[in-house]
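**Q** Assemble the complex: chain C is given as a structure, and chain A must be docked to it using the hints.
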Amino acid sequence: MDIKGKLHELLLEDKVAIHLNIANGFFDVNKSVVLTWILLAVLAVLILFLTSGMRVHQPGKRQLFVEYATQWLRGIVGGILGEEAIGYRDFITTILVFIGGANLMGLFGIVPPTMDLNVTIAVAAVAIVMVEAAGIRALGLKGWFKGFAKPMAVITPMNILELAIRPLSLCMRLFGNILGATVIMELIRMAVPIVVPLVFSLYFDIFDGLIQAYVFVFLTSLYIREAVE
Amino acid sequence: MDLVALGAGIAVFTGIGAGIGIGIATAKAVDAVARQPEAESKIMKLLLLGCALAEATAIYGFVVAIMIKFA
Numbered sequence: 001m002d003i004k005g006k007l008h009e010l011l012l013e014d015k016v017a018i019h020l021n022i023a024n025g026f027f028d029v030n031k032s033v034v035l036t037w038i039l040l041a042v043l044a045v046l047i048l049f050l051t052s053g054m055r056v057h058q059p060g061k062r063q064l065f066v067e068y069a070t071q072w073l074r075g076i077v078g079g080i081l082g083e084e085a086i087g088y089r090d091f092i093t094t095i096l097v098f099i100g101g102a103n104l105m106g107l108f109g110i111v112p113p114t115m116d117l118n119v120t121i122a123v124a125a126v127a128i129v130m131v132e133a134a135g136i137r138a139l140g141l142k143g144w145f146k147g148f149a150k151p152m153a154v155i156t157p158m159n160i161l162e163l164a165i166r167p168l169s170l171c172m173r174l175f176g177n178i179l180g181a182t183v184i185m186e187l188i189r190m191a192v193p194i195v196v197p198l199v200f201s202l203y204f205d206i207f208d209g210l211i212q213a214y215v216f217v218f219l220t221s222l223y224i225r226e227a228v229e
Numbered sequence: 001m002d003l004v005a006l007g008a009g010i011a012v013f014t015g016i017g018a019g020i021g022i023g024i025a026t027a028k029a030v031d032a033v034a035r036q037p038e039a040e041s042k043i044m045k046l047l048l049l050g051c052a053l054a055e056a057t058a059i060y061g062f063v064v065a066i067m068i069k070f071a
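Which chain is which? The protein sequence lines are C and A, in order.
Each residue of the first sequence is one higher than the one before, starting from 1 at the first, in the numbering used here.
Each residue of the second sequence is one higher than the one before, starting from 1 at the first, in the numbering used here.
Same shape as in the complex, but just chain C:
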């Protein structure tokens, strides 16, 4: 058993999938990006399949399932967002589906794209830009700037720091959890190749991945709700 070699392979392997001969490989396409493309293609095909042939009268089983699932996801997200920020519901649901799908890729023996720090940083950046944009849209630029001095003027530096801390904690939490789960799963697979990984996979791949997607979405919704108030 070579634990060290396995860890090296997981953490320090060459992450470039497509090498482009421009600007010293600055525009190289990483494996995680290709995996994200695959995920997007799968999700797109799935959505096209599920939403095809919708009818107002006498809906089929597939349509009922889609409607139920959509209502359920929207209900989860809408409950956190509250009345005022309900317009951001579909954006948040999209993030939930994307991160959930990405985390579940570990089930198929693929390294999840969320294990790459670049992907989680991108998602966290999108989320924080959306949070601040929501704040500016709801309060106006002046109101948004005034929001930094709330509830007291003394706390302003903290509020400005939060602009950086929030996305950092969002992306690090997601990245760390998925990295930890993948490393532990690989180690278990190395120690006992049969049956045992199946049980642990239930927790580390399915439960942990979905919980982390939910936590990410929960925090983003909470920030948006706080920003528009």
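Some clues are possibly wrong.
As the list claims (entries may be wrong) - A few chain C positions that, by computed beta-carbon distances, are all more than 12 Å from chain A: (1) L73; (2) F218; (3) L219.
Claimed, not checked - Think about it this way: if two alpha-carbon atoms lie no more than 27 Å apart in a straight line, the pair counts; the simulated DSS-like pairs of lysine-lysine are: (4) C:K4 / C:K31; (5) C:K6 / C:K31; (6) C:K4 / A:K42; (7) A:K45 / C:K31; (8) C:K6 / A:K69; (9) C:K15 / A:K69; (10) C:K15 / C:K4; (11) C:K15 / C:K31; (12) A:K28 / A:K42; (13) A:K69 / A:K45.
Note that these hints are calculated values from the structure, not bench results.
Quick reminder that beta carbons are idealized off the backbone N, C-alpha and C, glycines included.
**A** Chain A alone, transformed into the frame defined by chain C:
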């Protein structure tokens, strides 16, 4: 002496905080369910969320340890 391994080991001490936090959260959740069994599903949801948030500190320690060791 390889002090890098020692540093990584110290970084993983963040697990103590997460353990205590999740322990307290679970204890309170058990308390709450014992008082109001009908609110179990709501408490369960909050507990899972709280645990995932408390776990984050341990994960930060783990990430730092991995970074010290490999990056």
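**Q** Hint by hint, say whether it matches the structure.
**A** Structure-based check of each hint:
no.: 1; hint: L73; result: holds, 15 Å
no.: 2; hint: F218; result: violated, 6 Å
no.: 3; hint: L219; result: violated, 8 Å
no.: 4; hint: C:K4 / C:K31; result: holds, 22 Å
no.: 5; hint: C:K6 / C:K31; result: holds, 18 Å
no.: 6; hint: C:K4 / A:K42; result: violated, 43 Å
no.: 7; hint: A:K45 / C:K31; result: violated, 35 Å
no.: 8; hint: C:K6 / A:K69; result: holds, 14 Å
no.: 9; hint: C:K15 / A:K69; result: holds, 19 Å
no.: 10; hint: C:K15 / C:K4; result: holds, 19 Å
no.: 11; hint: C:K15 / C:K31; result: holds, 6 Å
no.: 12; hint: A:K28 / A:K42; result: holds, 14 Å
no.: 13; hint: A:K69 / A:K45; result: violated, 36 Å
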